[in-house]
Amino acid sequence: MLTAADPLPTRPQRILVAGVSGCGKTTLAARLGRVLDLPHTEIDSLFHGPNWVPRTDFTSDVGHLTKGSGWVTEWQYSAVRRMLAERADTLVWLDYPVWLSMSRLVRRTVRRRLRGQELWNGNFEGPLHGVFTDRDHIIRWGWRTRYKLRLRVPALEGEFPGLSVVRLHSPAEVEVWLRRLAVVPADAIADGTATPAATKDPA
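Residue numbers for the sequence shown follow our numbering, so the first one is 1 and each next one is one higher.
Since the hints were derived computationally from the structure, they do not count as laboratory data. Glycine is no exception: its CB is placed at the ideal position from the N, C-alpha and C atoms. Among these hints, one or two may not hold up.
Claimed, not checked - What follows is a list of derived Cβ distance ranges for each label pair:
1) Pro39 / Phe132: 14 to 24 Å
2) Arg179 / Pro50: 15 to 25 Å
3) Ala155 / Gly122: 33 to 43 Å
4) Gly162 / Phe132: 41 to 51 Å
5) Trp52 / Arg107: 19 to 29 Å
6) Ala172 / Val110: 32 to 42 Å
7) Glu86 / Arg113: 34 to 44 Å
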């Protein structure tokens, strides 16, 4: 598993960003799109239809997205996780401390609600008091699933040997990695088949 200090063997073209709720997946994915001049599609916008009803075309839309030669999106939703991992060349895992991810999630939830910010397809953040009454309120969901990726992501390396996994433990490591990414030559393109040498992360 690669760390922030490891050299990148290729310039990523098909990128997934993984992390628990609120850690900053979409923000990083959008930045990667700008740095690498790749289209970023927020996967939540493909999943959620009006009134939070899942869209029937979700899986096919994700399939269409990942057939492209270059893209960035978030690694979410069990129905498409395998498809995404099969077609990506790089997965960036934001493995932040729980206190950081949860504080970010709470701030984001409050900000969205107070601003009346539209999210996807006419949906808005639910009432803040729902954290006390709704088991699936995003804050309670974030707490309940805070460790879900600790086994799921490391297992990807054995299952998808062509996928480079980069594990970042803090926003500071993200900035270090982005600086390294910016100097990878544009013609160093991953082909999705090679297995790059990686420095193992003992964590």
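Please name the hints from earlier in the document that this structure breaks, with their numbers sorted from lowest to highest.
Those not satisfied are hints 1, 2, 6.
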